[in-house]
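Based on the provided sequences and hints, a complete structural model is requested.
Counting with my numbering, you get residues 691 to 736 for the letters of the sequence shown.
Please keep in mind that the hints were generated in silico from the structure rather than gathered at the bench.
Built from N, CA and C at the ideal position, the CB exists for glycine as well.
Heads up, a few of these hints could be off.
[Claimed, not checked] Calculated cross-link-like contacts (lysine-lysine; reagent style DSBU-like; alpha-carbon spacing at most 35 Å):
1. 708 / 695
2. 704 / 692
3. 708 / 729
[Said to hold, decoys possible] Pairwise CB distance ranges, derived in the manner of DEER restraints:
4. 691 / 730: 56 to 64 Å
5. 726 / 702: 47 to 55 Å
6. 732 / 710: 44 to 52 Å
7. 736 / 696: 35 to 43 Å
8. 734 / 696: 53 to 61 Å
9. 734 / 698: 52 to 60 Å
10. 731 / 704: 51 to 59 Å
11. 730 / 693: 28 to 36 Å
12. 691 / 726: 36 to 44 Å
13. 699 / 731: 44 to 52 Å
14. 695 / 734: 37 to 45 Å
15. 731 / 708: 30 to 38 Å
16. 692 / 720: 34 to 42 Å
17. 730 / 706: 50 to 58 Å
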Amino acid sequence: MKNFKEIRRDYLIKKANKLLDRADLLVDRIIANAHTAEKAKTEKAA
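Now the structure itself:
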């Protein structure tokens with residue numbers, strides 16, 4: 691049976707991985723938004 695330290699470690703690792711996944715999605719969304727905005731700006735200028 692796992693002791694408290696191991697259980698807590700597993701829990702924290704899972705939580706950290708979830709946060710990293712969410713951060714990755716946010717970064718992807720921000721990059722996509724910036725790309726869309728830049729595209730709109732260049733189309734407007736043309």
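Here is how each hint holds up against the structure:
no.: 1; hint: 708 / 695; result: holds (20 Å)
no.: 2; hint: 704 / 692; result: holds (16 Å)
no.: 3; hint: 708 / 729; result: holds (32 Å)
no.: 4; hint: 691 / 730: 56 to 64 Å; result: holds (58 Å)
no.: 5; hint: 726 / 702: 47 to 55 Å; result: violated (36 Å)
no.: 6; hint: 732 / 710: 44 to 52 Å; result: violated (33 Å)
no.: 7; hint: 736 / 696: 35 to 43 Å; result: violated (60 Å)
no.: 8; hint: 734 / 696: 53 to 61 Å; result: holds (57 Å)
no.: 9; hint: 734 / 698: 52 to 60 Å; result: holds (53 Å)
no.: 10; hint: 731 / 704: 51 to 59 Å; result: violated (41 Å)
no.: 11; hint: 730 / 693: 28 to 36 Å; result: violated (56 Å)
no.: 12; hint: 691 / 726: 36 to 44 Å; result: violated (52 Å)
no.: 13; hint: 699 / 731: 44 to 52 Å; result: holds (47 Å)
no.: 14; hint: 695 / 734: 37 to 45 Å; result: violated (58 Å)
no.: 15; hint: 731 / 708: 30 to 38 Å; result: holds (35 Å)
no.: 16; hint: 692 / 720: 34 to 42 Å; result: holds (38 Å)
no.: 17; hint: 730 / 706: 50 to 58 Å; result: violated (36 Å)
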